[in-house]
Amino acid sequence: MSRIGKKPIDIPSGVKVTIADGNIVVEGKEKLSMAMPPHVTAEVKENQVLVSAADETRKANAMHGLARSLIQNMVIGVSQGFRKELQIVGIGYKAAVAGSKLNLSLGYSHPIEFAIPAGVKVTVTPENKIMVEGCDKQLVGETAAQIRRFRKPEPYKGKGIRYVDERIVLKEGKSVG
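Note that my numbering has the sequence shown beginning at -16, numbered continuously upward.
Simulated from the structure, these hints should not be mistaken for lab results.
One should not assume that every hint holds.
In silico lysine-lysine, BS3-like type, Cα no more than 27 Å apart, as pairs [stated by the list, open to error]:
1) K120 / K(-1)
2) K154 / K120
3) K(-11) / K14
4) K120 / K14
Label-pair restraints from in silico Cβ distances [as the list claims (entries may be wrong)]:
5) D4 / K154: 48 to 56 Å
6) N111 / G156: 41 to 49 Å
7) A101 / K(-1): 18 to 26 Å
8) P(-9) / N86: 43 to 51 Å
9) Q129 / D38: 53 to 61 Å
10) I74 / P(-9): 48 to 56 Å
11) I2 / G102: 48 to 56 Å
12) S158 / K12: 53 to 61 Å
13) G156 / V27: 58 to 66 Å
14) L33 / K12: 19 to 27 Å
15) G156 / A79: 27 to 35 Å
Note that the Cβ used here is the ideal one computed from N, Cα and C, for glycine as well.
Full structure from sequences and hints, please.
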């Protein structure tokens, strides 16, 4: 039995969880839904969601922990939300939000226009920080990763787009000798 899957998920006030026809719907500030993975069942008792495996196979144990983690992320997402912060490092590198597009100037010969997906809010601060926020953890993380891919931090000067808490180990340049 999965150690993660055994833990009950507490439902905070203001969040409603419903399970019907193999789907789970979590409602709070926003609404998220997901199809339950195979070999797993879930039920709502009082203020908790209990996830259980259908049998004791290896696949069922893996899906047990996965389903519990996904439901936990949905509950956290609709109650608190998720946030990723990116920082742009480099002279002349800029970002701006225009409607549903993120405009990036990253030293290429052309500006980059990134279409912001629905369900994600992107803001740019004057200190060249990009905040990606939303209720779906996977969508927030994937959006931040796509933005970072436009100009990954390079190892000699550290220029590029990086996560705020990311540590870049800089290499030494050529030495004349």
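Right, here's what the structure says about each hint:
1. K120 / K(-1): Between K120 and K(-1) the Cα gap is close to 18 Å, so the pair holds against 27 Å.
2. K154 / K120: violated, 33 Å
3. K(-11) / K14: holds, 25 Å
4. K120 / K14: holds, 13 Å
5. D4 / K154: 48 to 56 Å: Since D4 and K154 have Cβ atoms about 55 Å apart, the given range 48 to 56 Å holds.
6. N111 / G156: 41 to 49 Å: Given about 25 Å between the Cβ atoms, the range is violated.
7. A101 / K(-1): 18 to 26 Å: About 22 Å separates the Cβ atoms of A101 and K(-1), which means 18 to 26 Å holds.
8. P(-9) / N86: 43 to 51 Å: holds, 45 Å
9. Q129 / D38: 53 to 61 Å: Violated, at about 38 Å.
10. I74 / P(-9): 48 to 56 Å: holds, 52 Å
11. I2 / G102: 48 to 56 Å: violated, 22 Å
12. S158 / K12: 53 to 61 Å: With a Cβ separation near 55 Å, S158 and K12 satisfy 53 to 61 Å, so the hint holds.
13. G156 / V27: 58 to 66 Å: About 59 Å separates the Cβ atoms of G156 and V27, which means 58 to 66 Å holds.
14. L33 / K12: 19 to 27 Å: Since L33 and K12 have Cβ atoms about 24 Å apart, the given range 19 to 27 Å holds.
15. G156 / A79: 27 to 35 Å: holds, 32 Å
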